[in-house]
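Peer 1: The chain contents come next:
Number of protein chains: 2
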Amino acid sequence: MAHVTKREQPQVRDLNLVRTFREVRAGSGSTTTELVRATGLSRPSINSLVSELTDLGWVVAVEPVPNGQGGRPPQRFRFHAETGRLLGIDIGVHRVSAVLTDLAGTVLAGHELALEPAAPPAERLARLDVVVEVVLAAADVTPDAVWSVAAAVTGPVDAHGRTSMVSPLPSWAEVDLVGHLGRRFTCPVQVENDVKVALLAEHEWGVVRGARDVVYILAGLRTGAAALVNGRIVRGHGGAAGEIGALPAVRWLRALDGLQSHPGLPAELPESERAAWTFRRARQGDADARERVWQYARDLATGAAAVVLTLDPEVVVLGGGSTPWADLWGAEFSAMLSKSVVRMPRVLVSSLGGDHVARGAVRLAMGDVERRFFTDGVRPARRPVAGQGAERAQSG
Amino acid sequence: MAHVTKREQPQVRDLNLVRTFREVRAGSGSTTTELVRATGLSRPSINSLVSELTDLGWVVAVEPVPNGQGGRPPQRFRFHAETGRLLGIDIGVHRVSAVLTDLAGTVLAGHELALEPAAPPAERLARLDVVVEVVLAAADVTPDAVWSVAAAVTGPVDAHGRTSMVSPLPSWAEVDLVGHLGRRFTCPVQVENDVKVALLAEHEWGVVRGARDVVYILAGLRTGAAALVNGRIVRGHGGAAGEIGALPAVRWLRALDGLQSHPGLPAELPESERAAWTFRRARQGDADARERVWQYARDLATGAAAVVLTLDPEVVVLGGGSTPWADLWGAEFSAMLSKSVVRMPRVLVSSLGGDHVARGAVRLAMGDVERRFFTDGVRPARRPVAGQGAERAQSG
Numbered sequence: 000m001a002h003v004t005k006r007e008q009p010q011v012r013d014l015n016l017v018r019t020f021r022e023v024r025a026g027s028g029s030t031t032t033e034l035v036r037a038t039g040l041s042r043p044s045i046n047s048l049v050s051e052l053t054d055l056g057w058v059v060a061v062e063p064v065p066n067g068q069g070g071r072p073p074q075r076f077r078f079h080a081e082t083g084r085l086l087g088i089d090i091g092v093h094r095v096s097a098v099l100t101d102l103a104g105t106v107l108a109g110h111e112l113a114l115e116p117a118a119p120p121a122e123r124l125a126r127l128d129v130v131v132e133v134v135l136a137a138a139d140v141t142p143d144a145v146w147s148v149a150a151a152v153t154g155p156v157d158a159h160g161r162t163s164m165v166s167p168l169p170s171w172a173e174v175d176l177v178g179h180l181g182r183r184f185t186c187p188v189q190v191e192n193d194v195k196v197a198l199l200a201e202h203e204w205g206v207v208r209g210a211r212d213v214v215y216i217l218a219g220l221r222t223g224a225a226a227l228v229n230g231r232i233v234r235g236h237g238g239a240a241g242e243i244g245a246l247p248a249v250r251w252l253r254a255l256d257g258l259q260s261h262p263g264l265p266a267e268l269p270e271s272e273r274a275a276w277t278f279r280r281a282r283q284g285d286a287d288a289r290e291r292v293w294q295y296a297r298d299l300a301t302g303a304a305a306v307v308l309t310l311d312p313e314v315v316v317l318g319g320g321s322t323p324w325a326d327l328w329g330a331e332f333s334a335m336l337s338k339s340v341v342r343m344p345r346v347l348v349s350s351l352g353g354d355h356v357a358r359g360a361v362r363l364a365m366g367d368v369e370r371r372f373f374t375d376g377v378r379p380a381r382r383p384v385a386g387q388g389a390e391r392a393q394s395g
Numbered sequence: 000m001a002h003v004t005k006r007e008q009p010q011v012r013d014l015n016l017v018r019t020f021r022e023v024r025a026g027s028g029s030t031t032t033e034l035v036r037a038t039g040l041s042r043p044s045i046n047s048l049v050s051e052l053t054d055l056g057w058v059v060a061v062e063p064v065p066n067g068q069g070g071r072p073p074q075r076f077r078f079h080a081e082t083g084r085l086l087g088i089d090i091g092v093h094r095v096s097a098v099l100t101d102l103a104g105t106v107l108a109g110h111e112l113a114l115e116p117a118a119p120p121a122e123r124l125a126r127l128d129v130v131v132e133v134v135l136a137a138a139d140v141t142p143d144a145v146w147s148v149a150a151a152v153t154g155p156v157d158a159h160g161r162t163s164m165v166s167p168l169p170s171w172a173e174v175d176l177v178g179h180l181g182r183r184f185t186c187p188v189q190v191e192n193d194v195k196v197a198l199l200a201e202h203e204w205g206v207v208r209g210a211r212d213v214v215y216i217l218a219g220l221r222t223g224a225a226a227l228v229n230g231r232i233v234r235g236h237g238g239a240a241g242e243i244g245a246l247p248a249v250r251w252l253r254a255l256d257g258l259q260s261h262p263g264l265p266a267e268l269p270e271s272e273r274a275a276w277t278f279r280r281a282r283q284g285d286a287d288a289r290e291r292v293w294q295y296a297r298d299l300a301t302g303a304a305a306v307v308l309t310l311d312p313e314v315v316v317l318g319g320g321s322t323p324w325a326d327l328w329g330a331e332f333s334a335m336l337s338k339s340v341v342r343m344p345r346v347l348v349s350s351l352g353g354d355h356v357a358r359g360a361v362r363l364a365m366g367d368v369e370r371r372f373f374t375d376g377v378r379p380a381r382r383p384v385a386g387q388g389a390e391r392a393q394s395g
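Chains as they are written, first to last, in numbering that gives the first Met the number 0: chain Y, 0 to 395; chain A, 0 to 395.
Next up, chain Y with everything else stripped away, as it sits in the complex:
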């Protein structure tokens, strides 16, 4: 049975290294005994693997907490999430925001700035730069401490990180966002569509953790859809998956029209606050406002039905700025959806806050770090450790 060739042994060790790291990362602090049990590896193997993971900077010993019985508690190890930083950015029509997190996605700092919808790219990028500087300063880190950057933008994103097809951001098609961010950061930079990363956040931290087949409807100042099939975000061949709103019968490009044209709306109210005004009026019992809210729900459901009929998801998640009022329109949405589909999915409302898109971008950045760790030749390369700014100054 000794068909293990020499060539395979390093691979087996690498696989065991990854397996052990996965176990450590999944928990809040694992003992050697627990890792032996979880992996089926021998105690000496685990000791050696944990030692290597510690040297690589991925795992750290937890400071022992006295157990009050005098005895020395067993040594615990945990994922060294603070060894690197991630930056998630959200570039929308009305605002730019960013969050800085550790490698586990725990938010350390966040900031946002408002924008005129008509702001040209240079102004939008200048605001972005300010937001980024503020979050880096707030977390007291240099750009070199960031291991991966991901930015979410409105509109379908092509393979080069550009919104070359269509975009509600003025003159945005030619903007090289990867290049712009690459001038500040040396780490990998990704750009992705905002609805897709909102679904990533929902799948990691929200109401559909672990689900395999999900349709996400972004119901906010923009209306959009994204889907998870077999546990993976559907990008499509060119990054344009989820753009069901472009179908004339779906009317999503004008979904907010009714909410933004209530005859009672104060003339001075900016466009971005009109829908919220109508929602509030509907909650107060205004019949016209209610009818507009219901029409909005039916328009959302028409587009959602096309996506649901195509994908037959387990669950539809409603997210975005209109969800705090979902008690007013969720039932109408579900009623219309159930009339249109072959099999009715569950409908859930997102529990994430207003930074869900930026946090979704962080999830994308986490994926980048994971990919480098878990699949680039299996064996992890040594990663930069926090506070390496000086090193870079030397090499740059």
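No wet-lab data here; the hints were simulated from the structure. One or more hints might be untrue.
Pairs involving identical chains hold if they fit within one copy or between any two copies, as the list cannot separate such chains.
Unchecked claim - Below, in silico cross-link-like pairs of lysine to any residue (SDA-like), each with a Cα-Cα straight-line distance of 25 Å or less:
hint : residue 1 : residue 2
1    : Lys338    : Ala245
2    : Lys338    : Ala172
3    : Lys338    : Arg250
4    : Lys338    : Arg289
5    : Lys338    : Leu252
6    : Lys338    : Ser163
7    : Lys338    : Met164
8    : Lys338    : Ser166
9    : Lys338    : Gly237
10   : Lys338    : Pro169
11   : Lys338    : Val348
12   : Lys338    : Ala325
Chain Y is already provided as a structure; the job is to place chain A on it using the hints.
Peer 2: Chain A in isolation, oriented as in the chain Y frame:
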């Protein structure tokens, strides 16, 4: 570096067994030298693994062909596809058909019988039984020689192989097709939606071999859609993915109406032949027929657009009984589609023949055998070998 524990050695051998089998199966005949090169394993390992695969019945030595130079050519090994049989069944509104193949999907026998669309389940199942008997007899095998059976039916198929949601087959919702076939066959029986398996056939033998993101439009006596995302068929959570035709704006349930209501249609022509009549008239230059064909193309494109906007596929494949006339309507379909989508995919016409659904069912059965081989504990169980009917008679 000796972190290979005892527990892992059998796994490594199993992985190598699978790797070697994959290499053998992929080619038409591999030598030991070629397998050493392809797998990176040692010559003694390959010899041992090929010997085990031969004992298991999965691999067979190719009869040497004299090379005319007097020398003995190196021994070649190939996948022993004829060690088992697969049965693919297509149960449609107008006919029932089946093909019997070897484990590589090579067709050995096929048969079909026509049906009245209104035929009750008992009659449809009786026809099916006849078709199955005919193909088994034509290939001279008993049911025990069949390793896996898959049947395609019209309508979404649930997790139990039933079309419990909707079906154009009269009274079909309660039919237990798995149970019915299970009374004849002891091997696993699968049931799947006909459009999804047509796409499987297209992906294995047709115009989209190896593609990752495909939308398939069935354009025949029934209109339907199916999709491949990241190389996998989208079933959806309940099996109802692809049912975009149910969306009122899409009108697919009535897509054939125009083709079947040309004022010149002979009154005696059965419904199933009316569309073909109109296509022929359009080809002869009849303006009314042409307009009906173009309307058909636009209706198909409206539904296709919803699916394409949702998934952004690399390619759309047109398959089914209307494709021999695709020269008349393909351009109109593409023109309408390109007006409606964000990124235009390539549009291809299927090259498979009328048995594409039954062959797609065979591909599903191949997947079942592969799954048993490749993932059930990695190490393959010994498979039944051809002509084992006597064995079964003893045990049964």
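Peer 1: Between copies, within a copy, both or neither: which fits Lys338 and Gly237 at Cα up to 25 Å?
Peer 2: between (32 Å within a copy, 17 Å between copies)
Peer 1: Within a copy, between copies, both or neither: where do Lys338 and Ala325 come within 25 Å Cα-Cα?
Peer 2: Within one copy, since 19 Å is at most 25 Å while 34 Å is not.
Peer 1: Check Lys338 against Arg250 for me: Cα-Cα at most 25 Å, and say if that holds within a copy, between copies, both or neither.
Peer 2: This pair counts as both: shortest intra-copy Cα distance 18 Å, inter-copy 15 Å.
Peer 1: Have a look at Lys338 and Ser163 and pick one of within, between, both or neither, based on CA distance no larger than 25 Å.
Peer 2: Classified as between; 17 Å across copies, 36 Å inside a copy.
Peer 1: Given identical chains, is Lys338 near Pro169, meaning Cα to Cα at most 25 Å, within a copy, between copies, both, or neither?
Peer 2: between (37 Å within a copy, 22 Å between copies)
Peer 1: Within a copy, between copies, both or neither: where do Lys338 and Arg289 come within 25 Å Cα-Cα?
Peer 2: So Lys338 and Arg289 pass the 25 Å test inside one copy only (21 Å; across, 35 Å).
Peer 1: Pop the pair Lys338 and Met164 into one bin, within, between, both or neither, using alpha-carbon distances up to 25 Å.
Peer 2: between (33 Å within a copy, 14 Å between copies)
Peer 1: Within a copy, between copies, both or neither: which one fits Lys338 and Val348 at a CA-CA cutoff of 25 Å?
Peer 2: Answer is within: at 20 Å inside a copy they meet the 25 Å cutoff, but 34 Å across does not.
Peer 1: Evaluate Lys338 and Ala172 at a C-alpha cut-off of 25 Å and name the case that applies: within, between, both or neither.
Peer 2: between (38 Å within a copy, 20 Å between copies)
Peer 1: For the identical chains here, do Lys338 and Ala245 meet the 25 Å Cα criterion within one copy, between copies, both, or neither?
Peer 2: both (22 Å within a copy, 10 Å between copies)
Peer 1: Is it within a copy, between copies, both, or neither that the alpha carbon of Lys338 lies no farther than 25 Å from that of Ser166?
Peer 2: between (32 Å within a copy, 17 Å between copies)
Peer 1: Within a copy, between copies, both or neither: which one fits Lys338 and Leu252 at a CA-CA cutoff of 25 Å?
Peer 2: both (23 Å within a copy, 16 Å between copies)
When the structure is compared with the earlier hints, no violation turns up for any of them.
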